[in-house]
Amino acid sequence: AQRVTQPEKLLSVFKGAPVELKCNYSYSGSPELFWYVQYSRQRLQLLLRHISRESIKGFTADLNKGETSFHLKKPFAQEEDSAMYYCAKGEDNAGNMLTFGGGTRLMVKP
Amino acid sequence: GAGVSQSPSNKVTEKGKDVELRCDPISGHTALYWYRQSLGQGLEFLIYFQGNSAPDKSGLPSDRFSAERTGGSVSTLTIQRTQQEDSAVYLCASSFGHGETQYFGPGTRLLVL
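Here the protein sequences come in this chain order: A and B.
Each residue of the first sequence is one higher than the last, beginning at 33 in the working numbering.
Each residue of the second sequence is one higher than the last, beginning at 15 in the working numbering.
Hints should not be assumed to be uniformly reliable.
[Claimed, not checked] Now the stretches of chain A that chain B is said to cover, found in silico as 3 or more residues with beta-carbon under 8 Å: (1) 103-109; (2) 131-140.
[Stated by the list, open to error] If you want the ones that stay clear, here's a sample from chain A, every Cβ over 10 Å from chain B, calculated: (3) Leu42; (4) Lys47; (5) Gly48; (6) Gly90; (7) Lys97; (8) Asp113; (9) Asn125.
[What the hints assert, rightly or not] Label-pair ranges, simulated between beta-carbon atoms: (10) Thr90(B) to Pro107(A): 38 to 48 Å; (11) Ser58(A) to Gly65(B): 40 to 50 Å; (12) Glu82(B) to Phe108(A): 46 to 56 Å; (13) Val26(B) to Gly134(A): 33 to 43 Å; (14) Lys141(A) to Glu34(B): 18 to 28 Å; (15) Gly17(B) to Ser84(A): 35 to 45 Å; (16) Gly30(B) to Ala49(A): 12 to 22 Å; (17) Asn24(B) to Ser62(A): 23 to 33 Å; (18) Ser87(A) to Ser72(B): 19 to 29 Å; (19) Thr37(A) to Leu125(B): 22 to 32 Å; (20) Gln97(B) to Gly134(A): 16 to 26 Å; (21) Gly42(B) to Asp94(A): 44 to 54 Å.
In short, the hints are calculated from the structure, not lab data.
All figures in this text were calculated on a predicted structure; none of them were measured in a lab.
All C-beta atoms, glycine included, are put in the ideal place defined by N, C-alpha and C.
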């Protein structure tokens, strides 16, 4: 089965420090990858998707097919970035349903 | 505009009872998904509806789970004879169609005692 792996359950950094949330996937083709974020007491929402190659709230993610990774990065973390982050892959079928990683809780300390 | 809405927000039930969870997708979205978020399994896909096509039920964990979507809009997820392992947050998402961004509802938190 195709899988999405986020090796860190918790990542704690100080404000202003760089942050990298790791995501690896198992798939041999051209995957469609996403990062979703869930702030405290809010619903799950899309942060960015690799095909758009955007930078949202200072976050970027680059697809590395050789390493099968899609790590999320931000050069200077802010306290408001504290949230739960999920990496997800769109399935290559009619439904395009999402397969999620286990999530990483990011805590940005003042 | 209004996002995806779900009801109830919380549901406590006794083991063996049936429950119904409701999802109102964003108007105009033809695709609707149900996911489950539980401590042991993380976020997992349950079922997918697209327009009037037959649903993709490949993620349903047992035959106690079923879902329907009436008129291509509102969807109801039904769990029969609930078990304690069914306790989870049930999330609904909708999108304009295949490959489009999925927008999630706030979820229904189900607790089976």
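Problem - Violated hints - listed by number, lowest first - result: Violated hints (numbers, rising): 1, 9, 11, 13, 14, 15, 16, 17, 18, 21; every other hint is consistent with the structure.
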